[in-house]
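Put together the whole structure using the sequences plus the hints.
Listed in order, the protein sequences are those of chains A and B.
Heads up: the first sequence begins at 1 in the working numbering, then just goes up one per residue.
Heads up: the second sequence begins at 1 in the working numbering, then just goes up one per residue.
For the record, the hints were derived by calculation from the structure and aren't laboratory data.
Fair warning: there could be bad hints in the mix.
To give an idea of the interface, some chain A residues facing chain B are shown, with a C-beta separation under 7 Å as derived from the structure [as the list claims (entries may be wrong)]:
#	residue
1	107
2	109
3	133
4	140
5	141
6	174
7	364
Nothing here was measured: the structure is a model prediction, and the numbers come from that model.
Glycine included, every Cβ here is placed at the ideal spot set by N, Cα and C.
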Amino acid sequence: MNETLLRELVPVVIGVLVRRGADFASAEDAVQEALIRALDTWPDDPPRDPKAWLVAVGWRKFLDTVRAESSRRGRELAVRAEPPAGPAPATDDTLRLYFLCSHPVLPRGSAVALTLRAVGGLTTRQIATAYLVPEATMAQRISRAKRRIAGLPLDQPGDLGTVLRVLYLVFNEGYSGDVDLAAEAIRLTRQLTALTREPEVGGLLALMLLHHARRASRTGPGGRLVPLGEQDRSRWDTGLITEGVAILQAALARDRLGEYQAQAAIAALHADARTTSETDWTQIVEWYDELLRLTGSPVVRLNRAVAVAEADGPRAGFAALADIDPGLPRYAAVTAYLHERAGDLEQAAGLYAEASRAATSVPERDHLTRQAARVRQLLHK
Amino acid sequence: MKYLLLKHYRGGPPATVDYGSMDQWTPEEVDAHVRFMRDFAARLEETGEFIDAQALAPGGAFVRYDGEGRPPVTDGPFAETKDLIAGWYVIDVESWERAVQLAGELSAAPGPGGEPIREWLEVRPFLGETPAVTE
Numbered sequence: 001m002n003e004t005l006l007r008e009l010v011p012v013v014i015g016v017l018v019r020r021g022a023d024f025a026s027a028e029d030a031v032q033e034a035l036i037r038a039l040d041t042w043p044d045d046p047p048r049d050p051k052a053w054l055v056a057v058g059w060r061k062f063l064d065t066v067r068a069e070s071s072r073r074g075r076e077l078a079v080r081a082e083p084p085a086g087p088a089p090a091t092d093d094t095l096r097l098y099f100l101c102s103h104p105v106l107p108r109g110s111a112v113a114l115t116l117r118a119v120g121g122l123t124t125r126q127i128a129t130a131y132l133v134p135e136a137t138m139a140q141r142i143s144r145a146k147r148r149i150a151g152l153p154l155d156q157p158g159d160l161g162t163v164l165r166v167l168y169l170v171f172n173e174g175y176s177g178d179v180d181l182a183a184e185a186i187r188l189t190r191q192l193t194a195l196t197r198e199p200e201v202g203g204l205l206a207l208m209l210l211h212h213a214r215r216a217s218r219t220g221p222g223g224r225l226v227p228l229g230e231q232d233r234s235r236w237d238t239g240l241i242t243e244g245v246a247i248l249q250a251a252l253a254r255d256r257l258g259e260y261q262a263q264a265a266i267a268a269l270h271a272d273a274r275t276t277s278e279t280d281w282t283q284i285v286e287w288y289d290e291l292l293r294l295t296g297s298p299v300v301r302l303n304r305a306v307a308v309a310e311a312d313g314p315r316a317g318f319a320a321l322a323d324i325d326p327g328l329p330r331y332a333a334v335t336a337y338l339h340e341r342a343g344d345l346e347q348a349a350g351l352y353a354e355a356s357r358a359a360t361s362v363p364e365r366d367h368l369t370r371q372a373a374r375v376r377q378l379l380h381k
Numbered sequence: 001m002k003y004l005l006l007k008h009y010r011g012g013p014p015a016t017v018d019y020g021s022m023d024q025w026t027p028e029e030v031d032a033h034v035r036f037m038r039d040f041a042a043r044l045e046e047t048g049e050f051i052d053a054q055a056l057a058p059g060g061a062f063v064r065y066d067g068e069g070r071p072p073v074t075d076g077p078f079a080e081t082k083d084l085i086a087g088w089y090v091i092d093v094e095s096w097e098r099a100v101q102l103a104g105e106l107s108a109a110p111g112p113g114g115e116p117i118r119e120w121l122e123v124r125p126f127l128g129e130t131p132a133v134t135e
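This is how it looks when you write it as structure tokens:
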């Protein structure tokens, strides 16, 4: 059984059920049940027409639920048992699902979970495992999210910005458990590029592909984090890089720059260089300027300072750090790096240690601790 | 984001309410306290924020390695140790602010006379497993 194909069908089938008159929450539940049954029975008994199978089973599950509801409330069944076929604008349906599942009223964590289930076709258990959350908690989170958006019109244009943020969040979760969330985020973003011509969608897909191309080189033995400058560039996936660059160029050609395109451009410049020293840092700084203009984000300002130091030396890097709040995450890590570049190892070692205490993930903490240890060793030579 | 809400038998800043030890309370006060704790966990399950809740017995010991082929060394239990962990909740929430809000609610657990005991709870963020993709 092709599980990806099955997952691609999930949003389409939800769309069919909704067009037949089901409300989104019930349709989504019914299709999830059909999906679980498909995962269970298809390996031994594959259907001839997978989509028709899912529609039939999903619709039956939906009717069962509605009947149980109506008999409990002593009311008549309002939904027709035999719906009209109707035209099938499936692409619009799927696009609306993206908007609905990432609706701005939803907390980010809920939007992520709902998107993975309704658009991504993952089971509650898979999502719960990936996020290391009990299945019952994840089920609650999803049903609360659906209650929150119940009654919101399905046919309104949505907020693409929140959709992209949700997809990028999923991508950053990487790989844990049996679901590769980074690959899943790429699949969902790729699917989205087929549904809208907005250049930022292409920008995000390019960004993901360019990062994903370096995944194998980003971690060393035992999950050790390998920084960009030390990565074995022969292990970068040139196929993904080529594809990412092409998608980025097509997006940029539409002349509506956005933050994901700018970030992808920076990633593309890294991907293009054979070594750190061959990297076109001047152009990277220019892209950071664009990114800063678009977002005004202090995190961007911080990363820009590193690029400035690479382009014009640590002194310029320190100058670029002025006006940045030292309380920012990774501020200590950046200043540590600049001090090391400037030859001030004593300061660098202390700052690396400080940065390791402020790290928010285990690989980052271990990496910064190793940096502190390495610089201390240099000091005592 | 996951956070640990840590309950201490002892340790932390000085208590603001002297609620004594639970065995000095009335059975009704004990019941009300226990019910509050259970309801708190049930509410977290309902909001999709619950990960884990555990209580620890006060006893136990410190244990350490003592060299190849030798049994581990144990020390304790210490009746008068300064910091004693009573148990924890693990929550998965949207923000630090939400974690603080929930800890504040948990600290309102009723004690003698049904009054909130205002115990100090330690709130600690978990370190994640995946670093942010920033280069």
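Now the hints, each set against the structure:
1. Because the smallest distance between the Cβ of residue 107 of chain A and any Cβ of chain B comes to about 5 Å, under 7 Å, the interface hint for this residue holds.
2. Nearest Cβ of chain B to the Cβ of residue 109 of chain A: about 6 Å, under the 7 Å cut. The hint holds.
3. Checking residue 133 of chain A against chain B by beta carbon gives a least distance of about 6 Å; that is within 7 Å, so the hint holds.
4. Hint status for residue 140 of chain A relative to chain B: holds, with the closest Cβ pair at about 4 Å, below 7 Å.
5. For residue 141 of chain A, the shortest C-beta to C-beta distance to chain B is roughly 3 Å, which falls under 7 Å, so the interface hint holds.
6. Given hint, residue 174 of chain A at the interface with chain B, holds; its Cβ is 4 Å from that chain's nearest Cβ, closer than 7 Å.
7. Below 7 Å, beta-carbon pairs count as interface contacts, and residue 364 of chain A has one with chain B at about 5 Å; its hint therefore holds.
Of the numbered hints stated above, none is contradicted by the structure.
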